[in-house]
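Kindly produce the complete structure, drawing on both the sequences and the hints.
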Amino acid sequence: MSAELLAQFLMRYGKDVLVEGDLRQPTDRFSITVLFGPSGCGKTTILRCLAGLERPTEGRIVFAGTTWFDHGRRVCLTPQERGIGFLFQEYALFPHLSVARNIGYGLKSNSRSRHLVAEIIRVFQLTGLEDRYPHQVSGGEQQRIALARVLVGRPRLLLLDEPLSALDQPTRELLRPELGRLLRETGIPTILVTHDRTEAMALADQLIVLHQGRISQKGTVEDVFNHPVNLDVARIVGMGTVAAGRITKTAEGLATVVLGNTELIAPAPDPISEHVYVCIRPEEVVLQKGVTEHTSARNRLRGVIKSLTSEGPLVRATLDCGFPLIALVTRMASEELALREGEEVTALVKVAGVHLIPRP
Amino acid sequence: MWVTGKLAMWTTGVLLVFGLPLSYWLATTRWPWKFLVEAVVALPLILPPTVLGFYILLATGTNSPLGRAVESLTGTRLPFTFSGILLGSALFNLPFAVWPFTSAFKAVDRNLVEASWCLGVSRLATFFRLTVPLSWPGILTGLVLTFFHSVGEFGVVLMVGGNIPGVTRTLSIAVYDDVQALNYASAGQASLLLVASSFVALCLVYGFQRRVLPL
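Chains as they are written, first to last, in this note's numbering: chain A, 3 to 362; chain B, 221 to 435.
Since the hints were made in silico from the structure, they are not lab data. Among the hints, a few may not be true.
Just a sample of chain B residues kept apart from chain A, beta carbon distances all over 10 Å, derived [to be verified]:
#, residue
1, A262
2, L267
3, T270
4, V271
5, E291
Listed below are several chain B residues computed to face chain A (Cβ distance under 10 Å; list not exhaustive) [to be verified]:
#, residue
6, L339
7, R349
8, P353
Only a predicted model underlies this, so the values are computations on that prediction, with no experimental measurement involved. C-beta: ideal position from N, C-alpha, C; glycine also.
Here it is, written out as structure tokens:
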């Protein structure tokens, strides 16, 4: 019996529309698989098929040796039989029940479950809200209530549909690291759907990029972001530099990050975490030849041009600076500098142009 | 008077038991041919009551298989009995119960129902713990409409039940009889009672729906 979720299925709508689900994930230890892609690419459909809310047209879903769905053998377990926790995009809190009764909704009413509810209310810092109704609490609290309601039943697999998208931007920034911490603490294998790049990077152990219902690429965050297999994936992930780094020191809100044999200075992430992804947008990189005079850019990197590709009026240069760095310059600048592959140049990046995202 | 109240209560009860599942099915099914069922449910609205009554009379008479089956099972006949007018009244009031029920069920957010299933709660328990509490103003509307509409029922009851005092003579039939007999005072009393109670009932329904009256 393999301790693994194995899902391979197809969902057809009419003749042309198709959603493909193909993933595997260990079920005996914690990890987060992120399904990433633009709205309408079929992410939610995959999640609903895993939950048993939607019946795929073909394929199989096996969870730790138990068949959840098998088209050939006509097996399709109900959501109730699968023991999953599904967090809906808008949280789907029951408006006619208090916070405490929402959380305890799926449990049998006995003293043990009352204890469980009280315990999770404490852990999720919802104390004092027990008798309120969902419309009387904030968006962030609603999210925690919904998550508590899902987790109190100890599901074997967590399915989260855009868990942060219903929140306003500042709250989302605030809750993103907290969500990651809560998920890690529960230790339940998680599949998460999002169209938010930062969210995908901050939470994914395994990233699956979807485009028009098809799985375009699977891999680690670094893999997918730096080596998109095709232009569609590159567009979806937003071409740019993503590299894993380690913060060695922080002072006055600035962090020093080590990537390979290079050091960079960047605004410190919140919360501070040792392991980060370093993200640099190609348009933030300035290329220069020869010795640098005075400049305000704190990050000066020596690198070799690996490739030059023309993109209309712009040229995309991939540099090896100890890590792959992508720069976008105008054709005119490229000609003036006479950029050639194999040549050594200096790349300038302002501190504010380096974005650090804590990574798992 | 007593016959009227009894008929209205039984009709409401029957439609609560059979109308709720039918409405839930209509509100949730993806079956493309469900419009056939919807059309049948709505038929009593446009059909003359006498036509519906005529067919019920035919279908339940001693010459029809259904009528004979009922008679051999229960020992009673349907035409010209209370059970007969109850059947007619229930069928005739079907849209008044099913329409409000269905629209109330449709208004319940599908995500809430699915969230309940994913929390391990069965479909039946979800119906009673979630769907019914969230749609009860609509259910109440359907029940009140059914009750008062069957109080005023005339054509079907007359066709199926005839006009037997104490058995099948309802208030509205009594009004008709009184007018025929030029007994205007008695007809006026009964009519006023029907107008007043119907008005109060509709006020309650709208009051609940607009949440002016406390629930």
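Here is how each hint holds up against the structure:
1. A262: holds (30 Å)
2. L267: Non-interface label stands for L267 (chain B): nearest chain A Cβ at 38 Å, farther than 10 Å.
3. T270: holds (44 Å)
4. V271: holds (42 Å)
5. E291: holds (43 Å)
6. L339: At 3 Å from the nearest chain A Cβ, L339 (chain B) passes the 10 Å test, so the hint holds.
7. R349: holds (8 Å)
8. P353: holds (5 Å)
This entry satisfies every hint, going by the numbered hints stated previously.
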